[in-house]
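As given, the protein sequences belong to chains A and B, one line each in that order.
Going by the working numbering, the first sequence opens with residue -6, and the numbers climb by one from there.
Going by the working numbering, the second sequence opens with residue 6, and the numbers climb by one from there.
Just so you know, these hints were derived from the structure itself, not from any lab.
Incorrect hints may appear among the rest.
[To be verified] Listed next, with one range per pair, are the computed distances between beta-carbon atoms:
1) A:Gln3 - B:Asn87: 29 to 39 Å
2) B:Gln27 - A:Asn5: 32 to 42 Å
3) B:Pro76 - A:Gln3: 38 to 48 Å
The C-beta atom is built at its ideal place from N, Cα and C for all residues, glycine as well.
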Amino acid sequence: AQSVAQPEDQVNVAEGNPLTVKCTYSVSGNPYLFWYVQYPNRGLQFLLKYITGDNLVKGSYGFEAEFNKSQTSFHLKKPSALVSDSALYFCAVRDSGGFKTIFGAGTRLFVKA
Amino acid sequence: SAVISQKPSRDICQRGTSLTIQCQVDSQVTMMFWYRQQPGQSLTLIATANQGSEATYESGFVIDKFPISRPNLTFSTLTVSNMSPEDSSIYLCSVERFDGYTFGSGTRLTVV
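Take these sequences, add in the hints, and give me the full structure.
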């Protein structure tokens, strides 16, 4: 069975500093990995995905994520955080041989000015 | 990305009644997914709806409580039946596209 873990309920970072939101996963086959962001009272927005290819994936709003197969991780990163990045972030995983996507519990990011 | 129109956007319902949520996609898709999200929490997959066949439900969700229709490749409905306050949540439909999953704007349901 597939699963995804976001070990941090909340991440606090100062504006201008780099940020990392952690995600680890477990699938039986090759993983398809996703990051989504949810702003208050708004729907889910797709940020980026890893299917195959380069381990470093670049996405929307300056975010990127690094796929690490040996550590089964897919951490979300941004070199310089903005206050407007404050939101709820979800990591999601799907087994390449299936069609069901499982979401992590979410990590709330607070960026302080 | 696909455009999904989901309605209603919110509703307040009496316990014991039912609410049907509709999702319309702007292009044909094989699978549509229905999720539930408690406010500020993660998404839980309710079921996967394929056109022309019965929906596949996840553990903890049953057809009698959450009947789903999928009459064609662009449309699906989810009904929340015999509602109780515990059903108060946000319900979202989703489709998979090449660049990821697209979600409807959600239906915020409050059962009183």
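These are the hints, each one checked on the structure:
1. A:Gln3 - B:Asn87: 29 to 39 Å: Roughly 36 Å apart at Cβ, these two residues keep to the hinted range, so it holds.
2. B:Gln27 - A:Asn5: 32 to 42 Å: holds (40 Å)
3. B:Pro76 - A:Gln3: 38 to 48 Å: holds (43 Å)
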